[in-house]
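**Student:** Protein chains in written order, with our numbering: chain A, 1 to 396; chain B, 397 to 859; chain C, 860 to 1032.
Take these hints with a grain of salt, some might be off.
To be verified - Quick list of in silico lysine to aspartate or glutamate cross-link-like pairs, DMTMM-like style, CA-CA up to 20 Å:
#	chain 1	residue 1	chain 2	residue 2
1	B	K694	B	D415
2	B	K592	B	D419
3	B	K756	A	E287
4	A	K127	B	D419
5	B	K587	C	D994
Hints in this document: simulated from the structure, not taken from any laboratory.
All values reported here derive from a predicted model rather than from experimental measurement.
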Amino acid sequence: MEKKEIPDAVPFRFEKKLKLWLAIAAGVGVIALLWAVFIEQAPASRIWANLWMNALMFLFLGLGALFFWTVNTLGESSWQINIQRIMESMGITIPFAVIFFIVAFPGMRNLFEWTHTGQLDRLLQEKTPYLNIPFWMFRLAIYFALWSFFAVYLRKISVKNDFEPHEKYLARLRSTSGWFMVIFAITSFMAAWDWLMSIDAHWFSTLYGWYIFSGMFVAAVAVIILITIAFKKFNILPNVNEEHLHDLGKYLFGFSIFWAYLWLSQYLLIWYSNIPEETVYYVERIEHFNSLFYLNLIVNFTVPFFALMTRNSKRQTTILAVVALIVLLGHYLDLWLAIMPGAVGHEAAKIGFLEIGLPFFYLAAFLAIFFISFEKAKPVPENHPYFIESSEYENI
Amino acid sequence: MHVSPVREPLINGEKSYKDITNDVMAPIRAKPGKLWFVGLGISMLVMLVGFAMIGYTVWFGIGTWGVNRTIGWGWGITNFVWWVGIGHAGTFISAILLLFRQKWRTSINRAAEAMTIFAVMCAGLFPLIHMGRLPLGFFILPYPNTRELWVNFNSPLLWDVFAITAYLLVSLLFWYMGLIPDLGTIRDRMKTLWKKKVYNFLSFGWKGSARHWQRHESMSLILAGLAAPLVLSVHTIVSFDFATSVIPGWHTTIFPPYFVSGAVFSGFAMVLTLMIVTRKVLNLQEYITVGHVESMNKVIIATGSIVGIAYITELFMAWYSGVEYERYAFLNRAMGPYAWAYWIMMTCNVISPQLLWFKKLRRNLTFTFVLSIFINIGMWFERFVIVVTSLHRDYLPSSWSMYKPTWVEVAIYLGTFGLFFTLFFLFIRVFPVIALAEVKSVLRSSARKFIGKPVKNQPSEKQ
Amino acid sequence: MGAIVYGHFTDEPDLLKAVKELQNKGIRIADVRTPFPVHGLDKALKYRRSHLPKVAFIAGVAGAVLMFYFQYWVFTEGWPLNFGGKPYFSVLSFIPGTFEITILFAAFAMGIAFLVRSNLGPGSIPDILDENVTDDHFQIILSEKENRLSETELSEALSATGALDVKHVNGEK
Chain A
1 MEKKEIPDAV
11 PFRFEKKLKL
21 WLAIAAGVGV
31 IALLWAVFIE
41 QAPASRIWAN
51 LWMNALMFLF
61 LGLGALFFWT
71 VNTLGESSWQ
81 INIQRIMESM
91 GITIPFAVIF
101 FIVAFPGMRN
111 LFEWTHTGQL
121 DRLLQEKTPY
131 LNIPFWMFRL
141 AIYFALWSFF
151 AVYLRKISVK
161 NDFEPHEKYL
171 ARLRSTSGWF
181 MVIFAITSFM
191 AAWDWLMSID
201 AHWFSTLYGW
211 YIFSGMFVAA
221 VAVIILITIA
231 FKKFNILPNV
241 NEEHLHDLGK
251 YLFGFSIFWA
261 YLWLSQYLLI
271 WYSNIPEETV
281 YYVERIEHFN
291 SLFYLNLIVN
301 FTVPFFALMT
311 RNSKRQTTIL
321 AVVALIVLLG
331 HYLDLWLAIM
341 PGAVGHEAAK
351 IGFLEIGLPF
361 FYLAAFLAIF
371 FISFEKAKPV
381 PENHPYFIES
391 SEYENI
Chain B
397 MHVSPVREPL
407 INGEKSYKDI
417 TNDVMAPIRA
427 KPGKLWFVGL
437 GISMLVMLVG
447 FAMIGYTVWF
457 GIGTWGVNRT
467 IGWGWGITNF
477 VWWVGIGHAG
487 TFISAILLLF
497 RQKWRTSINR
507 AAEAMTIFAV
517 MCAGLFPLIH
527 MGRLPLGFFI
537 LPYPNTRELW
547 VNFNSPLLWD
557 VFAITAYLLV
567 SLLFWYMGLI
577 PDLGTIRDRM
587 KTLWKKKVYN
597 FLSFGWKGSA
607 RHWQRHESMS
617 LILAGLAAPL
627 VLSVHTIVSF
637 DFATSVIPGW
647 HTTIFPPYFV
657 SGAVFSGFAM
667 VLTLMIVTRK
677 VLNLQEYITV
687 GHVESMNKVI
697 IATGSIVGIA
707 YITELFMAWY
717 SGVEYERYAF
727 LNRAMGPYAW
737 AYWIMMTCNV
747 ISPQLLWFKK
757 LRRNLTFTFV
767 LSIFINIGMW
777 FERFVIVVTS
787 LHRDYLPSSW
797 SMYKPTWVEV
807 AIYLGTFGLF
817 FTLFFLFIRV
827 FPVIALAEVK
837 SVLRSSARKF
847 IGKPVKNQPS
857 EKQ
Chain C
860 MGAIVYGHFT
870 DEPDLLKAVK
880 ELQNKGIRIA
890 DVRTPFPVHG
900 LDKALKYRRS
910 HLPKVAFIAG
920 VAGAVLMFYF
930 QYWVFTEGWP
940 LNFGGKPYFS
950 VLSFIPGTFE
960 ITILFAAFAM
970 GIAFLVRSNL
980 GPGSIPDILD
990 ENVTDDHFQI
1000 ILSEKENRLS
1010 ETELSEALSA
1020 TGALDVKHVN
1030 GEK
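Only chain A is shown next, with the shape it has when bound in the complex (with noise of 0.2 Å):
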């Protein structure tokens, strides 16, 4: 194999014109949520909604990311080391994320019934143990501190071991992955059921975290294609090269895969038993929410499927690029299926401005929240007994 010239990395700064971006982008987001508000007079449950769905998705690439360093650390793999910085400062993102849910909270009586403790029939009586504003708010509580711990802890330890190599951090590095795993198997789940399920709080379904984590997962990786697209172009990870990329393309496709596969077999099951308690939650998105409804198929798996399938696709950067921002923005139609006709309706619900303008707020802020951890560690750990592995590998 002929050795490419690696150019020199560029070390990260977090630049003036680069928070200038950031910052016009915040303002963009600034100006939907006012219009929606002032201007388009939005009711009220639309608006909550937004803040909501935003907040979750902010949340959800960070702690997607951090699953996907993680599980590569478990399985002992070494090619994604030379982009494991940027999962470890997109996990740093996620103690940051509470700071949005805290400012839906006053929007929580239009989301979820449940919290209408006068008026509730005997079915949402019978979750009141579970589904009660107190406890919901120390799960909540829990779940950000088990995830902010890890987050910030699993990146301390990698960034001594920058310092000081020793085998003990990355000891501890798997030990930590492993607990971290387990809690998050459980928490992730038990977030799905109260951020998300209960939205429709008659309804359930025992695939429903599976299927919210596959979607989180997803985007998660979209959104490391992107940026590690963007690092390798400004020659910030030069040692980054077309297998770190293919094998990236081979997550999203793959899981691309498995999340339509979860959104099947719950619609099957669903739709085939017609159990009305069961299917009232397809019927309301098949008979008010079509086109979406399926376009949210097309994006997030026809497009991925057919798109990525051939091995050329996952190894440029075009295509590779495209795709992660269309299935990104799919997995953000996902959410807002999964929220806008429980908590908002058909007659109000809609894509407009404020849907459209208000995640550039929240990119902006991760993407801030981002850099500034970036910023502050070694672009890769290059102290890593993987390290020569990663950067010297070849894909079949």
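Assemble the complex: chain A is given as a structure, and chains B and C must be docked to it using the hints.
**Tutor:** Coordinates of chains B and C only, in the frame set by chain A:
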């Protein structure tokens, strides 16, 4: 490609390519020992008793089984799901671990794939015989008949026909395509002319040409890419047999991925059971190392934990749903007449694999062997609990009944073990248990003599 | 006329080096035979990527279309029946069968294409020059027909790369 020196070697001992050929071919060359004959003999005997009982069932009818009007599925379907689940490990190791570039799969994939084929054959018996009128079994195939009546494509039982058939055929294809180069190797080592001719026939005239290798690699990669979703789909469709119903305990959306994880879980346990014994008996410890066992144990703890989480989710959702039938179904499982089965399941499947978080236990072959047996017992009970307890008490209390297997059903189940082990004993005599070419291809990168520094805390290989 | 010159190596790096040396001299290599697929060999020999994945894709699409249409036909025109109130054209129900047949067609079409293309099959008699090629020998085969050099020149060139046991076979092969 660089391999980090901290990685554990995959091949121990000072092995050359020739050593690999000779070590793996030894069981094929050598005259079978007494142990093999005894093993084969017992397996064949048990298999024949099982077949006799199948004949008995077909002759006298399904009334010879313990299934009754409320509990239409008992041991038969439990065994079906159990065997299909076990088969999944082979494809997981061959296909999915190939896609993840896990080199450690090379010394176990051949035997695991063979195990898959044998397990699916055992599994396939049950849907056939549980229909009762076996001579009319062809009714399940979509063919144009004089009545112009087609099969019901809406039914998951029919999707199963397609799924299991496709799975058996594709697994066979994958296994055999991988075997072709190794059969060529055996042909070239054989001295007896008739053996040479037979292996040449089996190896399709393989000659090691680089062009053929290139196509072979490309094909293996695509087959892996096809087999990976196939294996997920097969057990998903098996889970649909239950989940598409309206029965509490059966109809729940988590079944597809939960069943798949459970399948990989039990399959890896069976691979471990077989490999721990095989490596000792056939002297392959330097290829199937403690490191391999540890890696398999890691898969077990991952899938076992997923199964555990699925149990917890089901329990929670049964309460959360507010549906009294769901709540009762789970209460009954834990405290009703079949509670003993439920708690065996919980202990074997949820508690015991969690011990594998301890590295010492992951690398302990005796513990692993015992645990693998417990896991398979636990997973059998999981299917039993799902099938029988959900059926024996559903919506209408006046339909509640009990199920007990008859000796015919038990004999048939044991007979499938006979079939499985007969095939396995024959396999290790005739075909290479380890994928020769694949192990040779990782020699340079992963053998102990090439990696350099010995791994710390490596216990003696003579386990 | 059509002599074949061949020699072998005992390790991959030696083989790859030899292949490069021969190509630098402008010698065309008829075949390389190895006990396992050698990483980097296809690139060194400038083989084009296999078309088998395309075969799999086309067969898979064919299988998908056939199976989906078949189910559709059976349920809408063959003999439509009411199963639990499900529509006759129950798309969701058709998916599992379609999926399985897609995979089956793709896998077998590719497997058969592989065998046919490589001339392998039950009853194929291979032209084995060195039986150890499936054990631990990495063999390079040069053909006089493909190169404008004589058999002795080829033998010399091959030996110069470090090949062991350089032999030749005369006659058409």
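**Student:** Just pull the numbers of the violated hints for me, sorted ascending.
**Tutor:** Of the numbered hints given earlier, those the structure breaks are 1, 3, 4, listed in rising order.
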